[in-house]
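**Student:** Produce the entire structure from the sequences given, and follow the hints as far as they go.
Protein chains: 2
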Amino acid sequence: MEYFPAALEKLVEQFARLPGIGGKSAQRLAFHVLSLPEEEALKFAAAIVDAKKNIHCCSICQNLTDQETCTICASPKRDQSTICVVAQPRDVLSFERSREYNGVYHVLHGVLSPLNHIGPDDIRLQEQVKRVAAVQRYNGDYGGRADLK
Amino acid sequence: MEYFPAALEKLVEQFARLPGIGGKSAQRLAFHVLSLPEEEALKFAAAIVDAKKNIHCCSICQNLTDQETCTICASPKRDQSTICVVAQPRDVLSFERSREYNGVYHVLHGVLSPLNHIGPDDIRLQEQVKRVAAVQRYNGDYGGRADLK
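So the protein sequences, as listed, match chains L and C. Mapped onto my numbering, the consecutive letters of the first sequence carry residue numbers 1 to 149. Mapped onto my numbering, the consecutive letters of the second sequence carry residue numbers 1 to 149.
Please keep in mind that the hints were generated in silico from the structure rather than gathered at the bench. You may find that some hints are simply not true.
Ranges of calculated distance between the beta carbons of each label pair, as one might list FRET restraints [said to hold, decoys possible]:
#1 C:Gly22 to L:Leu42: 21 to 27 Å
#2 C:Arg90 to L:Pro76: 44 to 50 Å
#3 C:Asp122 to L:Gln126: 58 to 64 Å
#4 L:Gly23 to C:Glu13: 48 to 54 Å
#5 L:Ala6 to C:Arg137: 48 to 54 Å
#6 C:Arg99 to L:Arg99: 18 to 24 Å
#7 L:Asp121 to C:Pro37: 16 to 22 Å
#8 L:Gln136 to C:Lys24: 35 to 41 Å
#9 L:Glu96 to C:Tyr101: 34 to 40 Å
Note that beta-carbon positions come from the ideal geometry of N, C-alpha and C, so glycine has one too.
**Tutor:** Next up, the structure:
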C-alpha cells in the first residue's frame, strides 16, 4: 500500500482488523468510504463514536443498552422470575424475534472454553450467580426459585 | 432490531450500507466495534474522518492522494510521456506491485457502461483527453506523442 496516502493506508488497516474482513475486502471498503459524500462518511464515523460512548451493559442482565437497565429488564410486562441465559447479545435478538418468550435474559458475553483459556471469570457468570441468589433471597430462603431455562 | 438501543441500530445500518456486507455481517461488525476498547473504536472513527477529509484526487492523474499531485506524478524518475489508463485507484496498486511499469497513470474512476447509463461524462475521461492534448502541444504539434497503453 506504499503507493497510497497514509490516511488511506490507515483506513484499510482499520477495516482489515474487523472479523471476517480480509486485506482485499478492507481495501474495497476503504475505497467505498472515500467515494461516499462527505456527509455520509462522517455519519458512519459518528455512528461508531455514538455507539461506543452511549452503549454499555445493562446493570441487571448484561445485555447492551443505552440506559441504566435495558428495556426488557425495565418492562413490567416481563416475567422477572424466568431467566434465559444466553452467550451473546445477538442471541437475545433471536429469542425476541420468536415472540414466544416472556421472561428476562442474562447475557454471559462468551462461553466457557478451557482449550482457549476462557474460564468462569472471563465471562459474566458471577453476575448471573449473584442475580439468582438475590432472586432466591427475595423469594424467601429458597421458598421460591428463579427458573433457569 | 427494536430490542437494541438506537445507537446500536444506527451502527448496524451504517455497516449494512457497505458493499458486500449483509444484515448479519453488519450486526456482527457492530457488536465487534462495541467490544473494542474505547481507544480502538475511536481510532477507527478517526481513520474514516481523516481519510475523507485529507484524501482527494491528484490534479494530474486523478489517483487518490493527500497532496496536490500524487507521489507517482511528482516523481522525476517516472516516464511522464507514457500514461497507463486504469479504471480504479486499486488498479494503480496492481501495476505498481509488478514493479515493471515506470510510466504514469490516469485513473478514470469507472468504466463506460451504456446499459447502466454511465457515459463519457460520468468518468474522468475529459481530464485524460485534456492531459494528452497538453502533452502533445508540449511535444510540438503532434511531433511527439503520449503513448496510451
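**Student:** Could you work out which earlier hints the structure fails to respect and list their numbers in ascending sequence?
**Tutor:** 2, 4, 5, 6, 9
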